[in-house]
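Chemist: Residue-level listing of the chains:
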Amino acid sequence: MFGSNLLRRIDWLTILLFLLLVAIGWVNIYSTTLSDEGSSIFDFSQLYGKQLFFIGVSLVTVVIILAIEAALYERFASLLYIISILLLLGLFVFGKTIAGATSWYDLGFFNLQPSELAKFTAALALAKYLSDIQTDIKKRKHQLYAFLIILVPMALIIPQPDPGSALVFAALIFVLFREGLPLYYLWIALLIVVIFITTLMFGTEWMAIGLALLITLFLLVKKASFKVPTFPLILLFIISIGFSLSVNLVFNHVFEQRHRDRFSLWLRLEKDPAKLEKIRKTIGYNTYQSEKAIEAGGFRGKGYLEGTRTKGDFVPEQHTDYIFSTVGEEWGFLGTTTVVLLFTLLLLRLVHLAERQKNDFSRMYGYGVISILLIHYFINVGMVIGILPTIGIPLPFFSYGGSGLLGFTILLFIFIKLDANRLNEWL
Amino acid sequence: MKKILLSSIIVLIGITFIVRLSYLQIFTSPSNQVLEDTAIKAIYDYPERGYIYDRQGKLLVANQPAYDVMVIPREVKPLDTLEFCSLLGVDKPRFIDRLQKARVYSPRLPSVLVPQLSKEDYARLQEKMRKYEGFYIQKRSLRYYDTPSAANVLGYISEVNEQDLKKNPYYVQGELTGRTGIEKQYEEILRGRKGVKYIQKDRFNRDIGPYKNGMLDTLPEQGKEIHISLDKDLQEYGERLMVGKRGGIVAIEPGTGEILTLISGPTYNPALLVGRERSKNYSKLHYDTISKPTWDRAILAEPSPGSPFKTLNALVALQEGVIKPETTIRCYNGFYVGNVKRGCHCGGGIRNMNSGIYESCNAYFAGTFRKIYDKYATTDEGMDVWEKHIKSFGLGNYLGYDLPTGRPGRIPSKSYYDGVYGDNRWSSSFIISNAIGQGEVAATPIQLANMTAAIANRGYFYTPHLIKKIAGEPVEISNFTERKYTTIDPQHFEPIVTGMANVYKKGTAKWLRIPGIDIAGKTGTVENFILLDGVKTQLTDHSVFVAFAPVNNPKIALAVYIENGYYGARYAGHIASLLIEKYLNGEITRKDLEKRMLEKTLEHEYAKPYSGEEFKINEYVW
Numbered sequence: 001m002f003g004s005n006l007l008r009r010i011d012w013l014t015i016l017l018f019l020l021l022v023a024i025g026w027v028n029i030y031s032t033t034l035s036d037e038g039s040s041i042f043d044f045s046q047l048y049g050k051q052l053f054f055i056g057v058s059l060v061t062v063v064i065i066l067a068i069e070a071a072l073y074e075r076f077a078s079l080l081y082i083i084s085i086l087l088l089l090g091l092f093v094f095g096k097t098i099a100g101a102t103s104w105y106d107l108g109f110f111n112l113q114p115s116e117l118a119k120f121t122a123a124l125a126l127a128k129y130l131s132d133i134q135t136d137i138k139k140r141k142h143q144l145y146a147f148l149i150i151l152v153p154m155a156l157i158i159p160q161p162d163p164g165s166a167l168v169f170a171a172l173i174f175v176l177f178r179e180g181l182p183l184y185y186l187w188i189a190l191l192i193v194v195i196f197i198t199t200l201m202f203g204t205e206w207m208a209i210g211l212a213l214l215i216t217l218f219l220l221v222k223k224a225s226f227k228v229p230t231f232p233l234i235l236l237f238i239i240s241i242g243f244s245l246s247v248n249l250v251f252n253h254v255f256e257q258r259h260r261d262r263f264s265l266w267l268r269l270e271k272d273p274a275k276l277e278k279i280r281k282t283i284g285y286n287t288y289q290s291e292k293a294i295e296a297g298g299f300r301g302k303g304y305l306e307g308t309r310t311k312g313d314f315v316p317e318q319h320t321d322y323i324f325s326t327v328g329e330e331w332g333f334l335g336t337t338t339v340v341l342l343f344t345l346l347l348l349r350l351v352h353l354a355e356r357q358k359n360d361f362s363r364m365y366g367y368g369v370i371s372i373l374l375i376h377y378f379i380n381v382g383m384v385i386g387i388l389p390t391i392g393i394p395l396p397f398f399s400y401g402g403s404g405l406l407g408f409t410i411l412l413f414i415f416i417k418l419d420a421n422r423l424n425e426w427l
Numbered sequence: 001m002k003k004i005l006l007s008s009i010i011v012l013i014g015i016t017f018i019v020r021l022s023y024l025q026i027f028t029s030p031s032n033q034v035l036e037d038t039a040i041k042a043i044y045d046y047p048e049r050g051y052i053y054d055r056q057g058k059l060l061v062a063n064q065p066a067y068d069v070m071v072i073p074r075e076v077k078p079l080d081t082l083e084f085c086s087l088l089g090v091d092k093p094r095f096i097d098r099l100q101k102a103r104v105y106s107p108r109l110p111s112v113l114v115p116q117l118s119k120e121d122y123a124r125l126q127e128k129m130r131k132y133e134g135f136y137i138q139k140r141s142l143r144y145y146d147t148p149s150a151a152n153v154l155g156y157i158s159e160v161n162e163q164d165l166k167k168n169p170y171y172v173q174g175e176l177t178g179r180t181g182i183e184k185q186y187e188e189i190l191r192g193r194k195g196v197k198y199i200q201k202d203r204f205n206r207d208i209g210p211y212k213n214g215m216l217d218t219l220p221e222q223g224k225e226i227h228i229s230l231d232k233d234l235q236e237y238g239e240r241l242m243v244g245k246r247g248g249i250v251a252i253e254p255g256t257g258e259i260l261t262l263i264s265g266p267t268y269n270p271a272l273l274v275g276r277e278r279s280k281n282y283s284k285l286h287y288d289t290i291s292k293p294t295w296d297r298a299i300l301a302e303p304s305p306g307s308p309f310k311t312l313n314a315l316v317a318l319q320e321g322v323i324k325p326e327t328t329i330r331c332y333n334g335f336y337v338g339n340v341k342r343g344c345h346c347g348g349g350i351r352n353m354n355s356g357i358y359e360s361c362n363a364y365f366a367g368t369f370r371k372i373y374d375k376y377a378t379t380d381e382g383m384d385v386w387e388k389h390i391k392s393f394g395l396g397n398y399l400g401y402d403l404p405t406g407r408p409g410r411i412p413s414k415s416y417y418d419g420v421y422g423d424n425r426w427s428s429s430f431i432i433s434n435a436i437g438q439g440e441v442a443a444t445p446i447q448l449a450n451m452t453a454a455i456a457n458r459g460y461f462y463t464p465h466l467i468k469k470i471a472g473e474p475v476e477i478s479n480f481t482e483r484k485y486t487t488i489d490p491q492h493f494e495p496i497v498t499g500m501a502n503v504y505k506k507g508t509a510k511w512l513r514i515p516g517i518d519i520a521g522k523t524g525t526v527e528n529f530i531l532l533d534g535v536k537t538q539l540t541d542h543s544v545f546v547a548f549a550p551v552n553n554p555k556i557a558l559a560v561y562i563e564n565g566y567y568g569a570r571y572a573g574h575i576a577s578l579l580i581e582k583y584l585n586g587e588i589t590r591k592d593l594e595k596r597m598l599e600k601t602l603e604h605e606y607a608k609p610y611s612g613e614e615f616k617i618n619e620y621v622w
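Just so you know, the protein sequences line up as chains A and B, in that order.
The opening position of the first sequence corresponds to residue 1 in the working numbering, with each subsequent residue numbered one higher.
The opening position of the second sequence corresponds to residue 1 in the working numbering, with each subsequent residue numbered one higher.
Keep in mind the hints are simulated off the structure, nothing from the lab.
Quantities reported herein were computed from a predicted structural model and do not represent experimental measurements.
Glycine included, each C-beta is placed from N, C-alpha and C at the ideal position.
It is possible that some hints are incorrect.
Quick partial rundown of chain A residues pointing at chain B, CB under 10 Å, derived from the structure [unchecked claim]: (1) 20; (2) 24; (3) 261; (4) 276; (5) 306; (6) 367.
Only pairs whose alpha carbons sit at most 20 Å apart, straight line, appear in this in silico PhoX-like list of lysine-lysine [as the list claims (entries may be wrong)]: (7) 358(A) x 2(B); (8) 139(A) x 469(B); (9) 3(B) x 138(A); (10) 184(B) x 128(B); (11) 138(A) x 2(B); (12) 292(B) x 280(B); (13) 375(B) x 324(B); (14) 128(B) x 77(B); (15) 77(B) x 41(B); (16) 414(B) x 58(B); (17) 388(B) x 371(B); (18) 77(B) x 358(A); (19) 2(B) x 224(B); (20) 375(B) x 341(B); (21) 582(B) x 608(B).
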């Protein structure tokens with residue numbers, strides 16, 4: 001089953017990038033979780049030892065995934081999706097609560113997090129549905145079904161509560177865009193975000209003035225041949241102002257203070273430096289500490305195992321969600337840019353692989369993989385370096401955690417298997 | 001569009017991240033210094049501060065232990081508060097209040113609960129301490145003074161303030177530094193160097209082991225003991241004589257420039273600025289703006305020197321060759337400046353240099369002073385020459401002794417008078433008061449003592465200083481071991497010294513002779529004024545006296561300045577005479593004179609301007 005064909009067709013560059021990220025991740029987990037009485041790196045009572053074990057398990061899983069017939073993934077996509085939905089539902093009855101979130105099954109030796117599995121099953125199911133010859137993404141009804149595939153797991157994960165993981169599924173919308181979902185969905189989403197932010201930062205008046213200027217500018221530079229849809233523009237303007245006013249209402253009366261504080265911190269809305277500092281040290285404590293740790297690294301970093309803030313456990317959850325700050329402190333700018341470049345390379349390589357698929361299912365699944373990896377990487381690093389609000393999701397291949405690593409590995413290697421099989425499709 | 005959408009987003013995110021990271025890691029200056037790293041705590045090991053001894057090796061300043069009761073609020077277990085409070089000697093509400101404050105400061109870090117227990121309280125508490133979890137006793141070192149005297153010379157130590165921290169990176173908050181006097185001047189020698197241990201902390205500020213395995217740690221360097229040139233017995237004796245008087249006394253060993261005593265009255269016991277009552281005492285001393293006990297009159301007061309200054313004018317005249325010792329001048333119980341007569345108390349008659357000095361004749365010195373200026377074509381030239389000679393005695397500028405404060409006094413120059421009267425609009429008549437040490441000249445007591453030492457040495461002096469030995473080794477500082485020559489040739493000093501010796505033999509201080517000791521001295525009676533409710537009011541004269549002894553082998557030269565002590569031979573002369581006898585003979589034979597000086601005070605004199613009533617000055621009281 002492991003014919004020379006497979007070994008030759010496998011995309012070794014992707015595997016190399018995967019191995020590099022896993023290795024660098026573990027090296028940093030080791031530094032973060034190393035204690036004074038640290039013994040062998042295989043000491044499974046220590047977190048770094050456990051992670052090493054998970055890496056081993058993941059590599060075995062890789063072999064199994066590559067060994068499975070590629071066609072089976074497409075055939076069982078719906079079944080796997082349904083199983084994972086059932087597992088998510090089962091959490092409401094049998095779930096184990098860790099740190100306030102009922103997201104795990106206790107399997108004795110291992111805590112299974114079904115939301116990690118749901119990520120790749122949702123990607124498979126979405127690809128399967130969209131690649132169906134019957135499906136036309138231009139049709140509202142089919143768009144609705146596609147959205148449902150994404151929304152069902154989200155709806156089940158939010159009440160765990162784990163809004164971070166739920167948010168990940170939203171990224172699958174990129175698959176729909178690739179397959180022909182009109183881009184105005186994207187522009188509307190972008191407009192909503194921009195209006196939301198500008199309203200909070202500058203107020204409705206300035207937002208309206210800015211939008212009016214943009215529309216005027218658009219009218220001025222429009223092509224002579226282009227017929228201006230004046231009415232929709234005015235409607236858009238009015239709706240935007242209405243939305244902006246509702247943002248203020250929601251922000252001030254629906255949001256709780258802790259939510260407001262998060263936005264105050266993220267958008268630097270609080271102008272009183274003393275209050276801002278207080279928010280930084282309470283709500284923004286993790287981000288504050290991780291920023292300080294990264295700053296302390298400077299250009300070259302403090303050197304491996306020399307990070308004083310890492311050793312002093314200054315950054316909470318540093319081995320999981322904040323692992324990137326260890327890179328920042330000990331390896332400096334050189335280290336952080338290397339990791340950012342590795343992720344960029346990996347994602348671009350995957351886009352390239354997806355685009356060369358002749359099989360629609362493989363391409364769509366590839367896009368699903370990219371979307372899920374990208375949103376994890378974007379939100380996690382963005383949070384750790386302080387440009388996004390705190391949303392607790394792990395950095396793929398990097399963060400400590402068995403379910404996470406296993407989930408990302410399965411997600412990625414199913415695609416590598418599909419890619420390696422692309423010339424056999426007609427068989 | 002749809003094919004490159006995702007790729008563009010990936011690249012855009014990468015660029016955003018790298019821009020943000022370069023801002024964080026390249027353009028934000030990282031606090032890489034060990035001390036600024038919040039994850040590193042420096043634990044200091046303080047060496048004992050050096051002791052201070054007097055010139056004979058008698059102890060002046062040592063250290064004593066003090067015991068602070070510390071608390072770590074988190075570790076406190078329920079306890080018998082009443083019993084503990086009675087052991088500590090505090091009442092219960094205060095105890096609870098302090099415990100609460102400590103908890104607010106930090107539940108995990110130690111705070112001072114009760115500072116500086118007495119030795120008795122410590123002894124009682126120590127054996128029961130183990131019963132109270134979360135509390136412990138921490139030993140600290142405080143200064144201990146083995147003398148009630150010399151507070152102004154020794155100075156005191158106190159916690160560093162913001163300015164100290166900015167000026168010197170050695171210090172960290174809460175450390176002690178010399179604030180005045182010797183403690184400040186020789187701070188680095190006395191202090192030694194603290195050792196440091198760097199400890200890696202976690203985010204709860206708990207220790208989790210040495211930083212870099214102690215690679216950066218250092219051992220403390222002991223503070224060194226120093227010997228200063230003060231004579232403990234003489235200093236203590238002088239301060240007893242100064243009780244109830246305001247002024248300054250400085251005694252110097254002419255052969256070395258070593259300061260034997262440096263007394264300011266009123267003064268205070270240095271032990272007042274140590275321990276629990278410290279800040280209360282400090283406020284009391286600091287806010288006494290009338291008698292100013294913390295203001296060191298010996299080095300900061302700048303009165304007119306009065307008649308002792310005449311000796312310098314005589315020396316200048318001899319050096320310039322405008323008079324000879326035999327030259328005579330007639331005193332008309334005064335002298336004339338134009339048509340205005342200025343008085344003289346010498347009795348009148350023909351005066352030469354010898355009787356001019358010992359009878360302190362104003363007329364003789366006014367004439368002498370004029371002759372100096374008449375030698376030169378212009379007053380400006382004469383002024384330059386006079387200023388040069390006078391300043392060579394260490395007057396009119398900072399002397400350069402080893403104390404952190406000082407005043408320059410004043411020797412007026414031609415530009416000074418040009419400013420007052422206008423260029424070329426003044427002559428020697430305008431400044432004739434300088435002839436007798438009144439007018440514009442001003443000198444601190446230590447400058448007067450130094451001037452006297454220069455006369456005692458017949459033409460040179462050593463910069464006065466206090467340091468004698470560091471860590472048992474004699475100190476060789478060139479500024480203190482080089483002779484500073486005056487511009488007067490040695491042969492001109494003999495007539496002056498003879499005149500000054502006659503002050504005791506038959507002149508203004510003939511009642512103050514000491515059996516068996518030849519003294520040369522000069523009295524001074526200094527008119528002085530204050531502004532009282534905006535009105536210039538004359539007060540009782542300051543009493544000034546300079547002297548050195550023995551005449552032919554001087555061991556001590558001193559200046560005594562007593563505010564409102566009336567004429568020179570009175571308070572200042574008496575005190576000078578007693579100090580010389582004490583220093584040279586070790587004991588006082590003239591017990592009645594001593595008794596009178598110890599008991600008499602001038603408080604009634606100092607109260608006059610504040611009484612709000614009319615008052616008489618220069619009353620003869622005894």
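Chemist: Take the hints in turn and mark each one as holding or not.
Modeler: Quick rundown of the hints versus the structure:
Checking residue 20(A) against chain B: minimum C-beta separation of about 16 Å lies over 10 Å; hint violated. Hint on residue 24(A) is violated. Least Cβ distance to chain B is approximately 16 Å, over the 10 Å limit. Below 10 Å, beta-carbon pairs count as interface contacts, and residue 261(A) has none with chain B, the closest being about 21 Å; its hint is therefore violated. Look at residue 276(A): its Cβ only gets to about 17 Å from chain B, farther than 10 Å, so that hint breaks.
The closest approach between the C-beta of residue 306(A) and any C-beta of chain B is roughly 8 Å, which is under the 10 Å cut-off, so the hint is satisfied. With a cut of 10 Å, the hint placing residue 367(A) at the interface with chain B holds, because the nearest CB-to-CB distance is about 7 Å. Pair hint residue 358(A) plus residue 2(B) holds up; C-alpha atoms about 17 Å apart against a cutoff of 20 Å. With a C-alpha separation of about 100 Å, the suggested pair residue 139(A) and residue 469(B) falls outside the 20 Å cut-off, and the hint is violated.
At roughly 17 Å between alpha-carbon atoms, residue 3(B) and residue 138(A) fall within 20 Å of each other, so this suggested pair holds. Pair hint residue 184(B) plus residue 128(B) does not hold up; C-alpha atoms about 40 Å apart against a cutoff of 20 Å. Pair hint residue 138(A) plus residue 2(B) holds up; C-alpha atoms about 14 Å apart against a cutoff of 20 Å. A threshold of 20 Å between alpha carbons decides the hint, and for residue 292(B) with residue 280(B) the separation of about 16 Å falls inside it, so the pair holds.
With a C-alpha separation of about 14 Å, the suggested pairing of residue 375(B) with residue 324(B) holds against the 20 Å cut-off. Distance hint between residue 128(B) and residue 77(B) is fulfilled; the C-alpha atoms sit about 15 Å from each other, no more than 20 Å. With a C-alpha separation of about 27 Å, the suggested pair residue 77(B) and residue 41(B) falls outside the 20 Å cut-off, and the hint is violated. Proposed proximity of residue 414(B) and residue 58(B) is contradicted: the alpha carbons are some 48 Å apart, above 20 Å.
Taken as a hint, the residue 388(B) and residue 371(B) pair is honoured in the structure, with Cα atoms around 17 Å apart against an allowance of 20 Å. Our distance criterion of 20 Å between C-alpha atoms is broken by residue 77(B) and residue 358(A), whose separation comes to about 74 Å. Under the criterion of a C-alpha separation no larger than 20 Å, the hint pairing residue 2(B) with residue 224(B) is inconsistent with the structure, at around 80 Å. Taking the CA atoms of residue 375(B) and residue 341(B), the gap is near 24 Å; set against the 20 Å cutoff, the hint is violated.
In summary, the hint linking residue 582(B) to residue 608(B) is not supported, as the alpha carbons are separated by about 33 Å, beyond the 20 Å threshold.
Checked against the numbered hints above, the structure violates hints 1, 2, 3, 4, 8, 10, 15, 16, 18, 19, 20, 21; every other hint is satisfied.
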